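Chain C is already provided as a structure; the job is to place chain U on it using the hints.
As they're listed, the protein sequences go chains C and U. Using our numbering, you'd call the opening residue of the first sequence number 1 and step up by one each time. Using our numbering, you'd call the opening residue of the second sequence number 1 and step up by one each time.
Think of the hints as simulated: they come from the structure by calculation, not from any bench. All of these numbers come straight from a predicted model, not from anything done at the bench. Every residue, glycine too, gets a C-beta built ideally from N, C-alpha and C. Honestly, I wouldn't trust all of these hints.
Stated by the list, open to error - Simulated coverage check for chain C against chain U, where a stretch passes if three residues somewhere in it have a Cβ under 8 Å from a Cβ of chain U:
1. 11-18
2. 22-29
3. 221-235
Claimed, not checked - Pairs of lysine-lysine residues, derived as BS3-like cross-links and limited to a Cα-Cα distance of at most 30 Å, are as follows:
4. C/Lys53 x U/Lys51
5. U/Lys151 x C/Lys96
6. U/Lys374 x U/Lys249
7. C/Lys32 x U/Lys153
8. U/Lys153 x C/Lys60
9. C/Lys100 x U/Lys108
10. U/Lys374 x U/Lys88
11. U/Lys159 x C/Lys41
12. C/Lys24 x U/Lys51
13. U/Lys151 x C/Lys32
14. U/Lys159 x C/Lys24
15. C/Lys98 x U/Lys108
16. C/Lys100 x C/Lys123
17. C/Lys98 x U/Lys110
18. U/Lys127 x C/Lys32
19. U/Lys127 x C/Lys60
20. U/Lys108 x C/Lys96
21. C/Lys24 x U/Lys153
22. C/Lys24 x U/Lys127
23. U/Lys110 x C/Lys96
24. C/Lys53 x U/Lys159
25. U/Lys74 x C/Lys32
26. U/Lys51 x U/Lys74
27. U/Lys127 x C/Lys53
28. C/Lys100 x U/Lys34
29. U/Lys321 x U/Lys110
30. U/Lys159 x C/Lys32
31. U/Lys88 x C/Lys32
32. C/Lys22 x U/Lys151
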Amino acid sequence: MFSDALIDIIGRQSEDINFNMKFKAGSFNIEKVDFEESRIKNPYERFVGGVNKMAYSPFKTILRSFCEKSSDYNSLKAAIAEWYDDYMERVSGWYKVKTKRALFFIGLLVTLVFNLDSIRLVKTLNQDDGLRKNLLLEAERVTYDNNKQHVIADTIIKNYNRMNVLKEIAKNKLVKDSIDKVYFQKCDSIISTIDNLSIPVGYHSDFSKQFFNGYGFFWLIGILFSAFALSFGAPFWFDVMVKVVNVRRAGVKPKENSKL
Amino acid sequence: MNDKYNAHIHVFTGNCAPKDFLQVGASMGDAGAKALKWAMLSRPGSWLVNKLAGPVKNRTVQFLKIGVMVSQQKVFTNNLENYDRVTKYSGMKFIGLTIDMDYMTDEKNKPTTDFNAQINAVIEIKKAMPDRFFPFYGIDPRNPETLNLSKLKPYILNKTFSGIKLYPAKGFFPFDERLDAVYQFAEANKVPIMTHCTRTGSFYLGDNIWNVVPNNPASLNPHHPMMDKINKRIAAYKSSTDKVMRENKRVCNLFSHPENYIPILDKYPQLKLCMAHLGGVSEILGTENTDTKAKDLYVKLFQLEQAQSSWYEQIRDVILKNYANTYSDISYSLSDAAAMHKVNRDLQNGSLPTHRILFGTDYFMTEQENDEMKVVEIAEQALGPFLQNMMEMNVQNYLYS
Chain C
1 MFSDALIDII GRQSEDINFN MKFKAGSFNI EKVDFEESRI KNPYERFVGG VNKMAYSPFK
61 TILRSFCEKS SDYNSLKAAI AEWYDDYMER VSGWYKVKTK RALFFIGLLV TLVFNLDSIR
121 LVKTLNQDDG LRKNLLLEAE RVTYDNNKQH VIADTIIKNY NRMNVLKEIA KNKLVKDSID
181 KVYFQKCDSI ISTIDNLSIP VGYHSDFSKQ FFNGYGFFWL IGILFSAFAL SFGAPFWFDV
241 MVKVVNVRRA GVKPKENSKL
Chain U
1 MNDKYNAHIH VFTGNCAPKD FLQVGASMGD AGAKALKWAM LSRPGSWLVN KLAGPVKNRT
61 VQFLKIGVMV SQQKVFTNNL ENYDRVTKYS GMKFIGLTID MDYMTDEKNK PTTDFNAQIN
121 AVIEIKKAMP DRFFPFYGID PRNPETLNLS KLKPYILNKT FSGIKLYPAK GFFPFDERLD
181 AVYQFAEANK VPIMTHCTRT GSFYLGDNIW NVVPNNPASL NPHHPMMDKI NKRIAAYKSS
241 TDKVMRENKR VCNLFSHPEN YIPILDKYPQ LKLCMAHLGG VSEILGTENT DTKAKDLYVK
301 LFQLEQAQSS WYEQIRDVIL KNYANTYSDI SYSLSDAAAM HKVNRDLQNG SLPTHRILFG
361 TDYFMTEQEN DEMKVVEIAE QALGPFLQNM MEMNVQNYLY S
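With the rest of the complex left out, here is chain C (with noise of 0.2 Å):
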């Protein structure tokens, strides 16, 4: 898609077009303006014209570059698709360099408003059994109910186009308030399962006294690990959770289609 638009645009760059103006006998009041437009019919040679129209730029440069490889328009839109997929590699890179800063300072704001102090997490977890096989069993529990969601997500995507889902969500407002409902209750039960399990976060009463009684620098390096693990991303932590449940599992649960 992108070759083609941008073979297209290059190419407008090698239309002429010329007005032509008539004007009304023995004055200058203007009877017609109409104008031609000359345009060359084959893309590749339109692309090579509209190159050749540029002015000096690193860009043309470029696409000169595009014009010397390839001989026909479908040689010309392999070439740029090629430029185009190892651009977008390297600048999907810097885009994850850039964003980890931005990330961490989220991160850094989510920890100070939930306290998520991981060191005291950690400490809490590992002076606490109940909680910590508490916490396994969640985990566990909720890595299998996004495999099974996957699954009817994929069973779904399977079945109907992706885009007609979407238009039929849109246009059934009943179902989309549904979906909102879910979502809702989905945040009310992590919040009833933190409450549940007694999960160290959020501000107590003693906060403040512990604070200056020697806990804050302690803290301080607590929050700014949270924020440092937050600043990898959830997908990247449950990807950690789910393999650290299987290998307590000892392999992965094969799929129950695979025994037929």
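For chain U alone, kept in the frame of chain C given last:
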């Protein structure tokens, strides 16, 4: 019935202007101007401006409403509809002036839509309405494509563009030696040039104005006696003890001064040149101005420049009088009734040539003063029968003779 023309409108959008463009209207600093412009051009920002423009009749809001429009086509059709709604002006033709704003500020604040993109959008309007829209190509000597005429020449010869637009206050002298080839081409091909000639409007926004004001700027007519006077004026601004006179807004008067065109016109006497705005309201009214703030500034500048006459008088008594193919237009200045009455008196007593004054409004800049059709009404009332020729014969001669 003769064709009617509005010889001076703009159709660029906020995206064509530099990121710090709002500094032109308010001193809010680089960062403030950039943030505000970004916010206004964002979707919610432009939506809000549009919603506000309905109930709030504030002129700045009305001006911004057009500035945040999504395309130049939309800005143009908005004005086209203004005229088509009034029977006597229905079918009005427009000269749309493009401006190269890529060099009016520092590199970091360059516009998101560059000059080439502005030109491409204007060509699309020309293709869509070839008998209503007559664009002029904006020239800046700092743009390399200007120097070799690589774009200008074909665009003029194939009649996509009908003339050339200069806006020296963006940071260059019109007598710049790099523009020599442009004037030579324009004179040889009878290409009309429109130049901005008023102390108001936008100006160079870069951090250091003196970077673009050399002590002895290179001229296409270096031995012309006027160059000496121009160099002295530059020295006067540079050494001014009044801090205000060393601000970009005031220093850019050096670029727009009407005397800058004398060395050009003496070298190219057949040049078809329109000195827009008649020098501006404060220069037309001079000491007759009832706005005391504007009058005081006029006097201050008059003294600083050691002038003998106002810009209006220089256009009227020197340029229009001595050079046969020079013109001026009433754009923007027509929003002030007193200024238009003075122009009317000068047209009646023959000190202004009736056949070389053009009608133009400076849409959408005039939105800061009044609605487009209201400023036309002011001109109608003040100029009476002169207005018809200004819209018809005068512009036709300027464009096609």
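Against the structure, the hints come out as follows:
Counting residues of the region 11-18 of chain C whose beta carbon lies closer than 8 Å to any beta carbon of chain U gives 3, which meets the minimum of three for the stated coverage. Check result for the region 22-29 of chain C against chain U: holds, 4 residues qualifying (beta carbon to beta carbon below 8 Å, three or more required). Under a criterion of three residues with beta carbons nearer than 8 Å to beta carbons of chain U, the stated coverage of the region 221-235 of chain C fails, only 0 such residues being counted. For the suggested pair C/Lys53 and U/Lys51, the alpha carbons sit about 44 Å apart, so the restraint of at most 30 Å is broken.
Between the alpha carbons of U/Lys151 and C/Lys96 the distance comes to roughly 40 Å, so the proposed pair goes past 30 Å and is violated. At roughly 28 Å between alpha-carbon atoms, U/Lys374 and U/Lys249 fall within 30 Å of each other, so this suggested pair holds. Among the hinted pairs, C/Lys32 with U/Lys153 is consistent with the structure: their alpha-carbon atoms are about 23 Å apart, no more than 30 Å. With a CA separation close to 21 Å, the supplied pair U/Lys153 and C/Lys60 stays within the 30 Å bound.
A C-alpha spacing of about 24 Å is found between C/Lys100 and U/Lys108, which places the hinted pair at or below 30 Å, so the restraint holds. For the suggested pair U/Lys374 and U/Lys88, the alpha carbons sit about 15 Å apart, so the restraint of at most 30 Å is met. This hinted pair checks out: U/Lys159 and C/Lys41 have alpha carbons roughly 24 Å apart, not beyond 30 Å. In summary, the hint linking C/Lys24 to U/Lys51 is not supported, as the alpha carbons are separated by about 45 Å, beyond the 30 Å threshold.
Only pairs whose Cα atoms come within 30 Å are accepted, and U/Lys151 paired with C/Lys32 is accepted, the gap being roughly 25 Å. Of the supplied pair hints, the one linking U/Lys159 and C/Lys24 holds, its CA atoms being roughly 18 Å apart against a limit of 30 Å. A distance of roughly 20 Å separates the Cα atoms of C/Lys98 and U/Lys108; the hinted pair therefore holds under the 30 Å criterion. Of the pairs offered as hints, the one joining C/Lys100 and C/Lys123 holds, with about 28 Å between alpha carbons and a cut-off of 30 Å not exceeded.
In summary, the hint linking C/Lys98 to U/Lys110 is supported, as the alpha carbons are separated by about 23 Å, within the 30 Å threshold. Note on U/Lys127 and C/Lys32: the hinted pairing holds, with a Cα-Cα distance of about 13 Å set against a maximum of 30 Å. Taken as a hint, the U/Lys127 and C/Lys60 pair is honoured in the structure, with Cα atoms around 27 Å apart against an allowance of 30 Å. A distance of roughly 24 Å separates the Cα atoms of U/Lys108 and C/Lys96; the hinted pair therefore holds under the 30 Å criterion.
A distance of roughly 27 Å separates the Cα atoms of C/Lys24 and U/Lys153; the hinted pair therefore holds under the 30 Å criterion. Between the alpha carbons of C/Lys24 and U/Lys127 the distance comes to roughly 21 Å, so the proposed pair stays at or under 30 Å and holds. The hinted pair formed by U/Lys110 and C/Lys96 meets the criterion: a straight-line CA distance of about 27 Å does not exceed 30 Å. Proposed proximity of C/Lys53 and U/Lys159 is supported: the alpha carbons are some 19 Å apart, at most 30 Å.
With a CA separation close to 24 Å, the supplied pair U/Lys74 and C/Lys32 stays within the 30 Å bound. Among the hinted pairs, U/Lys51 with U/Lys74 is consistent with the structure: their alpha-carbon atoms are about 17 Å apart, no more than 30 Å. With a C-alpha separation of about 20 Å, the suggested pair U/Lys127 and C/Lys53 falls inside the 30 Å cut-off, and the hint holds. Of the pairs offered as hints, the one joining C/Lys100 and U/Lys34 holds, with about 26 Å between alpha carbons and a cut-off of 30 Å not exceeded.
Among the hinted pairs, U/Lys321 with U/Lys110 is inconsistent with the structure: their alpha-carbon atoms are about 40 Å apart, more than 30 Å. The suggested pairing of U/Lys159 with C/Lys32 holds, with an alpha-carbon distance near 13 Å, which does not exceed 30 Å. Only pairs whose Cα atoms come within 30 Å are accepted, and U/Lys88 paired with C/Lys32 is accepted, the gap being roughly 21 Å. For the suggested pair C/Lys22 and U/Lys151, the alpha carbons sit about 24 Å apart, so the restraint of at most 30 Å is met.
Checked against the numbered hints given earlier, the structure breaks hints 3, 4, 5, 12, 29 and satisfies all the rest.
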